[in-house]
Every structure is written in C-alpha cells, then in structure tokens.
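Asker: Starting from the structure of chain A, add chain B where the hints point.
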Amino acid sequence: MNNNAFKHTLDARGLTLTRGRTATLQVNTGLICDLACRHCHLEAGPGRTETMSAATVEEVIACADRCGFATADITGGAPELLPHLPRLVAGLAPQVDRLIVRTNLVALSRPEAAHLHELYRRHRVAIVASLPAVNAGQTEAQRGCGAWETSIVMLQKLNELGFGRAGSSLELDLATNPSGAFLPPGQIQAERRFRSDLQRRFGITFNSLFSFANVPLGRFRSWLETSGNLETYRERLEGSFNPVTLPGLMCRTFISVDWDGYLYDCDFNLAAGLPHGNRRLHISELSELPPEGTAIPTGEHCYACTAGAGFTCGGSIE
Amino acid sequence: MNSYYDPADLPKFGDIGKEAPELARKFFDYYGSVFAEGALTEREKALIALAVAHAVQCPYCIDAYTVACLEKGSSLEEMTEALHVVTAIRGGASLVHGVQMRKIAEKLSL
Chain A
1 MNNNAFKHTL DARGLTLTRG RTATLQVNTG LICDLACRHC HLEAGPGRTE TMSAATVEEV
61 IACADRCGFA TADITGGAPE LLPHLPRLVA GLAPQVDRLI VRTNLVALSR PEAAHLHELY
121 RRHRVAIVAS LPAVNAGQTE AQRGCGAWET SIVMLQKLNE LGFGRAGSSL ELDLATNPSG
181 AFLPPGQIQA ERRFRSDLQR RFGITFNSLF SFANVPLGRF RSWLETSGNL ETYRERLEGS
241 FNPVTLPGLM CRTFISVDWD GYLYDCDFNL AAGLPHGNRR LHISELSELP PEGTAIPTGE
301 HCYACTAGAG FTCGGSIE
Chain B
1001 MNSYYDPADL PKFGDIGKEA PELARKFFDY YGSVFAEGAL TEREKALIAL AVAHAVQCPY
1061 CIDAYTVACL EKGSSLEEMT EALHVVTAIR GGASLVHGVQ MRKIAEKLSL
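Residue numbers (the working numbering), protein chains in the order written: chain A, 1 to 318; chain B, 1001 to 1110.
Any given hint could turn out to be false.
[Unchecked claim] Partial selection, computed: residues in chain A whose CB lies under 8 Å from chain B:
#1 113
#2 133
#3 135
#4 137
#5 138
#6 178
#7 182
#8 185
#9 189
#10 190
#11 193
#12 281
It is worth saying that the hints were derived from the structure and are not from the lab. A virtual CB, placed ideally from N, CA and C, is assigned to each residue, including glycine.
Chain A with its partners taken away, still in its complex shape (with noise of 0.2 Å):
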C-alpha cells in the first residue's frame, strides 16, 4: 500500500491540505481504556499504560489559558480512567466556550465515575457517547460482550440527569461508527433512524448524532489485514474520495496532544504518529496557535475523512 496515495490524490487534482483557524484543542487522555474496541485506530485497552500526567495536565491547561480555544475536546482511550480528569475538566472548562468529553458509556458506567456526572453537569460539558448502531449485535461485535445494554442504561442514566433532554441546555450526541468494513449511513438517514429506535425502544432522546467512517490504523487496520478487507475497504475509501470535504476536515481546525504532550493535527495523525509541523513539538512549546496556511501532514488513513459526504470530528460533512 503506498503512503504517499492520498497527497498524490491531492497533487493530481492540484490540492493541498493547510490549516486554518484553529479553534479546538483535543485532548488524548491516553490509550488506557476498559474496553478493546475492534475498530480502535488507536489499539486502546485494558492492556495500555499510556495515560496522561499530572504535570501534562498543568501543560495542557496553561497551552488553553494562553491560546484561547473556542473548543476543548477530551478524549481517549477513556478519558474516565484518568484520576487527573476532574482537574482538566475544571481547568479548561472557564477557558472555552464548549468543553466537549467523549465517553465509550461503559467507563462512565463504572461506580468509580459516578461523581464525574455531577462535575459534567456543573461544568456544562457536552457529552459525545459511542454507540455503533441501534442492536446489540453490532454494538457487541465492535465494543464486546455486555457492551450495549450497559450503554442502553448509561445512555438513560444520562437522560434523567438532563442531557440530551428537550428543553434542557445539557448536551448528549452519540457518535457511531460502522461495524466493519463499509462506509457508515449518511448522517441524516442515521440520526433519524438512531433517534426514532431509542426513543421508542428505550425512551432514549440525544441532541445530535455524529458518524463516522473507521480508519485503517491500529487495531482495525490488523483486522482489516487478517480478515482479507484491507485492499478492498482501502478502494472504497480512495474510490469515495470528495474534494469537497477538504474546507471541512477537522485537521484543519484542531490540534490533537497525545497524553505525553506532544502536538499533532489529529488523533489520526496521533495514532499514525505524523506529527504537527512535521516535527515533535510540546504543548508547553506552544505560544499561541498554529499559523493559518501551516502544511498539515497526511498519509492513507486521510482517505477516511474525505469519503463520500466526508467526516470530521462532528461526524458526517453533509
């Protein structure tokens, strides 16, 4: 497989992939996580040490308090599992206008996360949940064993704490991904379809729903190979290549630190270890935000976000 196919995809037709305002700062917590997701780009699990330090944390706020995002996205592995999460969740939320943390629902699950509920309340944070379909099977043949009706109950759990509810300003999306090797349903059919299931099935309501296409790294870049997928999902991806969701990747709008604080312009880019500006930079090293027109580096996984409709943090470009 050649790594150089996306920018020659781009070169072909004259393209190039800069950045441009920055507006959000995601946070990788690191790769520890209570479940082994089968599509996790990053191979996170049960298995990983890798998790962000308190002295990071401190780095990380300060690069907020410094640089003025509009947006703070916290992610993982599971962002639950940190002890130093309510710190960092206190600490940017005064700093950004929304504060953003994903949850896989099962770590939120966990007694040992119940106060986190109550500080996502107090710090308005919007909650964006993993929940790969509307059936136990696929949710279980992507996240394992029990996975969904633990998700089912958090997904309610949350609903009675006032996220996701009409009328009420506490957020909850759910971001889906597909169980396989295929492309994920438009985000509209999705939405639509995710929200007339739970709401009837389980009472369920969301704000938004999000989808995305599964990128070939890590974990399911090796089920990809073992299972005889990966040349055929890696046509689809580049077959379905759309110029048009260019202006919307969120590389172009984000920049990514890994738990150890180096910088990157997406948790693609993170897992594929391409860092921002081509270089090892950490986020103590950073006076004040990328430069507009900044190089962002790609590799084959960037056919992912630029599929059919394209996908970025929000879900589908559409």
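Answerer: Relative to chain A, chain B alone:
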C-alpha cells in the same frame, strides 16, 4: 475465464452502455431515481433490493446490496428477515399453485 461470475466485473456494469448509450443513460437515470430517498428511505429500498436479489439469484446484486444494506445502517438480523420475506413469497407462490393442482385433480377424479 474461471467463472461466469467475477466480483471484479461488477464495477464494469456501466460498460453496458457502450453499444447503446441512450438506453443505458435512461436505465441508469431511472435506477438512480428509484433508489433515492422518497416515501421509502434508502435503507428500506436497499433491504427490498437485497431480498429481490436473492429471489432473482443475482450474485452481483447480492454483493452490491449486502454492502448497501450495511452502509445504510441495517443489521444482519434485519437483512436475514428480509430474505425470509422473499423466501416466504417464493415458497408461497409455489404452494398457492396447489389450488390449480387440486382443481385439475378434482375434475379428473371420481
């Protein structure tokens, strides 16, 4: 050629228009319109197409609409139920002709 059916041939479907472009254009325009969202969703239409693909036993269509159903958000459970619908209709279509059999047999029998 090792087989009459080769998965790599599916993307060549459009080549059928080379000898009769106007007819192909009309067909593919119609085809595209049929599968666009309407009173039925694209997901529902893909499930119907998957079931019919099995009824007409077209390997190309089974391949294409299995992928389409998954990409439209259907589960394997729903896709399997759709196949049972078409199987019931196919089986029922055979069985209901038993009425003819019975009518003829009864006419001929004492």
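Asker: Take the hints in turn and mark each one as holding or not.
Answerer: Here is what the structure says about each hint:
{"no.": "1", "hint": "113", "in the structure": "violated, 29 Å"}
{"no.": "2", "hint": "133", "in the structure": "holds, 7 Å"}
{"no.": "3", "hint": "135", "in the structure": "holds, 5 Å"}
{"no.": "4", "hint": "137", "in the structure": "holds, 6 Å"}
{"no.": "5", "hint": "138", "in the structure": "holds, 6 Å"}
{"no.": "6", "hint": "178", "in the structure": "holds, 7 Å"}
{"no.": "7", "hint": "182", "in the structure": "holds, 5 Å"}
{"no.": "8", "hint": "185", "in the structure": "holds, 4 Å"}
{"no.": "9", "hint": "189", "in the structure": "holds, 6 Å"}
{"no.": "10", "hint": "190", "in the structure": "holds, 5 Å"}
{"no.": "11", "hint": "193", "in the structure": "holds, 6 Å"}
{"no.": "12", "hint": "281", "in the structure": "violated, 38 Å"}
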